[in-house]
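**Q** One line per chain: the protein sequences are A and B, in this order. The opening position of the first sequence corresponds to residue 957 in the working numbering, with each subsequent residue numbered one higher. The opening position of the second sequence corresponds to residue 3 in the working numbering, with each subsequent residue numbered one higher.
Just so you know, the hints here were simulated from the structure itself, not pulled from any lab data. A quick note: this is a predicted structure, and the numbers were derived from the prediction, not measured. Watch out, some of these pointers could steer you wrong.
Chain A is faced by these chain B residues, among others (derived, beta-carbon under 10 Å) [as the list claims (entries may be wrong)]: (1) E29; (2) S68; (3) G176.
Beta carbons: idealized from backbone N, C-alpha and C, even for Gly.
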Amino acid sequence: MKVVAKTANEAMAEAMRQINPDVVAAYPITPATEIVQIFSSFVHDGLVDTEFIAVESEHSAMSACIGAAAAGARVMTSTSSQGLALMDEVLYIAAALRLPIVICEINRALSAPINIHCDHSDTMNVRDSGWIQIYAEDSQEAYDSVIQAMKIAEEAFLPAMVTADGFILSHAMQRIDMLEDEEVQAFIGEHKSPYNLLDIDNPITIGPLDLQDYFFEHKRQEADAMMKAPKVIKKVADEFGQKFGRKYGLVEEYRLDDADYAIVVMGSTAGTAKDTVDLMREKGHKVGLLRIRVFRPFPAEEILNALKNVKVVGVMDRADGVNAFGGPVFMEVRAALYESEKKPDVYSFVYGLGGRDVKPVDIERVFQMIMEADKGKKIDRLNYIGVRE
Amino acid sequence: MEKEIIEIRWHGRGGQGAKTAALLFGEAALETGMYIQAFPEYGPERTGAPVSSYNRLSKKPIRIHSGIETPDIVLVLDPTLIGKVDVTAGLKENGVIIVNTKKSPSEMRKMLGVKDTIKVYTVDAYGIALDTIGKAIPNTPMLGSLIKATGILNFDHLLESVRKKLEVKFRGKGADIVDKNIQAIKKAYEETKGEE
């Protein structure tokens, strides 16, 4: 283990180097450009054995990843925002073909208006594509999660994306405890494909026409794999925690034990929110935080359990549902809590679109609003925080 | 918690190395066992346009990820920013501001109009950079001024750390440029003036 100063981009590129994938096909895009650029320098310098395919678009990047993974290779790529959106069509194919590809994703707003800064609209756009989604709170977690994701993807037989907030994490240097190369290799193990296109002794076809007779069965199997994925994710996280000391779960509870009021949040805002919870606790407010780390598969049971005793929940979404019932995380959290005995009130708070800074005072405002709601004040189901209107 | 974190804001112009200064300083602090953040503000930056970058330092892990609005320390890499950019915005009451200028600290205090509780330091970083590096690059000298004014890190440690980083950065461009930058830091450390 060595202590270094790295941005999330640098840390994720280092994780890719240590994983040493067989194939990386990528097209650079702000703010994830550095991941691809740094990794390509590793290829140039001979630090990895990777076949690097410089493609002409993200659609081609994911298509090349699919081909390589189908041929039995260990495959990774990186993208952000419009790049992920351009991959959309092929993301579904990667997932349904059950190809364990890993994307290092940097969260950035989708256009328009054109913007390069952080929100979660890009990954929310592909939340039902069949990919595992892990949202990192800081660069250390982004690094650790990329390493875990490779193992998770190969064991769950599903593709996985690890996301880190654009600029806030991708370009901010912080302290990172890096593992040794051998530790990473030993942890992820050798890549084994149960089948591959190049195995001429066992010829197979991947991706043929699949009509009324079997399409549904294959989709059902994909859903089943996703339902079984939480077990794999937890197992890999536990093994990582035991070996390297940093513990991760599907969700992270912070000062929730006796909390009456909770906010639910993903990504780097969770860190700022933890400091805010501490400040409010000092003032005597019984507040807590639930951070969703793994959004896909959706950890409904863990959320239900973590929030079963709170009175009011504010769900903070860094993406808007536009014409939906509320933000995307809000809708699923509220749906999960419908099964709770006490049925806490749940409100939606959309914040931070296009990189709008979120400060402790903004999070305090969310807590104030849900506390006032508990005292009988009527507040809107959907609220926009930190915006001029 | 928050009060255990030291926050620094660097003001410069695009191309002056405000981001590099924050990164070099962050890494030097990290090596002393501290937790750090170093990040630039990403706007529509262009060469010569006002830019800023930031550091957080703490003995404990830093969880906050919002922008820095109430810094403890401000560094101004270009004197012509004063009056154009609100360089003292949010500066804490007992904060420190260090300005690259030929002016004395008391003259600078008048220009800035800051409270008596704020400490003002000045250094002619352009002059020093021209003498040592041969180019008016103020970022490395300002690192020396930061240590002189605040004592926030051990000076020899900073020199050693920056030397190592610059040797990597200027790999293939000769040891000369590294030495000149180190000289600039030392000279700025010696010549940084505070008020008596």
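**Q** Would you mind marking each hint as holding or not holding in the structure?
**A** Here is how each hint holds up against the structure:
| no. | hint | in the structure |
| --- | --- | --- |
| 1 | E29 | 5 Å, holds |
| 2 | S68 | 4 Å, holds |
| 3 | G176 | 21 Å, violated |
Comparing the model with each earlier hint shows a violation of hint 3 alone; every other hint is respected.
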